[in-house]
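Colleague: Position in the sequence shown (first residue = 1) + 240 = the numbering used here.
Since no wrong hints were added, every one of them can be taken at face value.
Straight line, CA to CA, 16 Å or less: simulated EDC-like cross-link-like pairs of lysine to aspartate or glutamate:
no.	residue 1	residue 2
1	LYS314	ASP357
2	LYS314	ASP361
3	LYS359	ASP322
4	LYS340	GLU301
5	LYS324	ASP357
6	LYS324	ASP361
7	LYS243	GLU301
8	LYS314	GLU291
9	LYS243	GLU302
10	LYS324	GLU291
By construction, these hints were calculated from the structure, which means they are not laboratory data. Just so it is clear, the structure is predicted and the values come from calculations on it, not from any experiment.
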Amino acid sequence: MPKERVMPQLTIYPSLNDLPAPLAYQAHAFIRITWFDIFQYDLQGAMTPPEWHSAHITISEENVLFAHGAVVWKPLHHAGQDYKCYGLSSVFTYPAFRKKGYGSQIAQAATTYIHQDPKADLAILWTSPQLDPFYGQYGWKHMPDTIIHLGDPEHPRTDDGY
Numbered sequence: 241m242p243k244e245r246v247m248p249q250l251t252i253y254p255s256l257n258d259l260p261a262p263l264a265y266q267a268h269a270f271i272r273i274t275w276f277d278i279f280q281y282d283l284q285g286a287m288t289p290p291e292w293h294s295a296h297i298t299i300s301e302e303n304v305l306f307a308h309g310a311v312v313w314k315p316l317h318h319a320g321q322d323y324k325c326y327g328l329s330s331v332f333t334y335p336a337f338r339k340k341g342y343g344s345q346i347a348q349a350a351t352t353y354i355h356q357d358p359k360a361d362l363a364i365l366w367t368s369p370q371l372d373p374f375y376g377q378y379g380w381k382h383m384p385d386t387i388i389h390l391g392d393p394e395h396p397r398t399d400d401g402y
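Please model the complete structure; the sequences and the hints are all you need to start from.
Modeller: Set out below in C-alpha cells:
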C-alpha cells in the first residue's frame with residue numbers, strides 16, 4: 241500500500257545549523273550549480289559563511305526540498321554609524337515544483353522575517369532586472385542609481401545590484 245503523502249510545509253530554520261542535513265545538501269547543490277561563481281574557487285565552501293547569520297526558509301515534503309530562500313544579515317559600518325543590513329539570498333524553486341506558488345511563499349516569508357526584526361536598518365537584494373516585478377510584489381524596490389561598495393574599504397569594488 242502506498243505511503244500517505246504529507247503536504248509540502250514551509251519552515252523557517254533560524255540558522256544554517258538548524259537546517260536538516262538532507263535539505264542543506266539539496267540547497268547547497270542547487271546554489272552551486274546555478275550560481276557557480278560563488279563557489280568557483282572553493283568547492284567545499286559553506287553555503288553561507290557564519291558571519292552572514294543566515295536563516296533558511298524552505299518548502300519541503302519530508303526530506304525532499306521544493307524551494308529555498310536564505311535571509312542573511314551582517315553589520316554595516318558607514319559614515320560613523322553602525323547598521324544591521326539584511327539580504328535576501330539564494331531564492332529558488334526546483335524546476336519540477338515551479339508554477340505552484342512556492343517561490344512566492346518563500347519571498348513573502350523572507351520579507352516578513354526581515355520586517356519582524358526591530359533592529360533591521362536596511363535590506364539588499366541582488367537580482368536580475370526581469371525579476372523586479374516578482375520581488376516588487378513583496379515590497380522590494382529597484383533603486384537604479386544605487387552604487388554599492390564591496391570588499392576592502394580602502395579599495396572597494398563597486399556593484400549596481402544586478
